[in-house]
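Chemist: For reference, each letter of the sequence shown is one residue, going 1 to 311 in UniProt numbering.
Simulated from the structure, these hints should not be mistaken for laboratory data.
Among the clues, some could well be false.
[As the list claims (entries may be wrong)] No more than 30 angstroms apart at the CA atoms, straight line, and that leaves these computed lysine-lysine pairs for DSSO-like:
no., residue 1, residue 2
1, K228, K30
2, K239, K228
3, K30, K239
4, K239, K192
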Amino acid sequence: MNVEITPNYSYIFDFENEFIHQDTRVWMVKNWTYVFYYCGIYMAVIFGGQYYMQNRPRFELRGLLAIWNTLLAMFSIMGACRTAPELVHVLRHYGLFHSVCIPSFIEHDRVSGFWTWLFVLSKLPELGDTVFIVLRKQPLIFLHWYHHITVLMYSWFSYTEYTASARWFIVMNYCVHSVMYSYYALRALNFKPPRSIAMLITTLQLTQMVVGCAINIWAHGFLQTAGKNSCNISEMNIKLSIAMYFSYFVLFARFFYKTYLSTNARKGKRPIQVTASSTATSGQYISSSINGKSDVQSLLAGQATSKIKAQ
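Produce the complete structure using the sequences and hints provided.
Modeler: Rendered as structure tokens:
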């Protein structure tokens, strides 16, 4: 019995049904070089912003941050719900090779294709995560901006090639971001989820990196055995992707150790927590030190100590 290559969606929106993948691919290829300008502007804004904010009071932006995280959480949940069925369907009926080598999730599935395109485009507004860090005068670590830049570049590049293995990266990133941004939305709204949730999110991110590396290894094997005409992924893409995922794994593992396993973590000293995307996949990082009360208390304590020394 022949099985349809696309899952049986219970409902398809008009904007999904009107998606024409050929048109979006032409546009993405035509505008590919603009990614470098976007990244350059991003770097100038965040580091210039840090310099500008050096001697200025921080902004709280709690309400805006809550709205921002809520919108990204809703987008990620919707994206996960619209792309995961295609991956599950393909794995069940066509196997691992198809899921890694055949880009039917774009070429034959308008629902998954539309949300794949939105996934790539969403990496541009997600750069706004860093604006909150800069304006709130929170630590901007290398992992944060490195992840944002590389995810944007790789996602756009992969879309121009219709990289088949990207279906894995996109679904994973959407799913992790669904949990991650929901968590940070709750934090911004003054809810206090248990620390174990933050640990779970970092664990999911590490798992995402391991699976990403594994998919690339399988893709390389399929490319060697099936040939370039049978597996729609380039050698260049595999090299870039595995280098990216491996670097993410190292950086996230280091963060995990410093946050949850180091001496300071065991003593209860609260580290700066960040979030990531990944993408693919996602990844994004937002400091969980949302409440500025501890900063004020530290400042007052420092002033008191200075007065005692002066006396």
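Chemist: Compare the structure with each hint and give your call.
Modeler: Evaluated hints:
1. K228 / K30: 24 angstroms, holds
2. K239 / K228: 15 angstroms, holds
3. K30 / K239: OK: K30 and K239 at ~23 angstroms, within 30 angstroms.
4. K239 / K192: 41 angstroms, violated
Comparing the model with each numbered hint stated earlier shows that hint 4 is the single one that does not hold.
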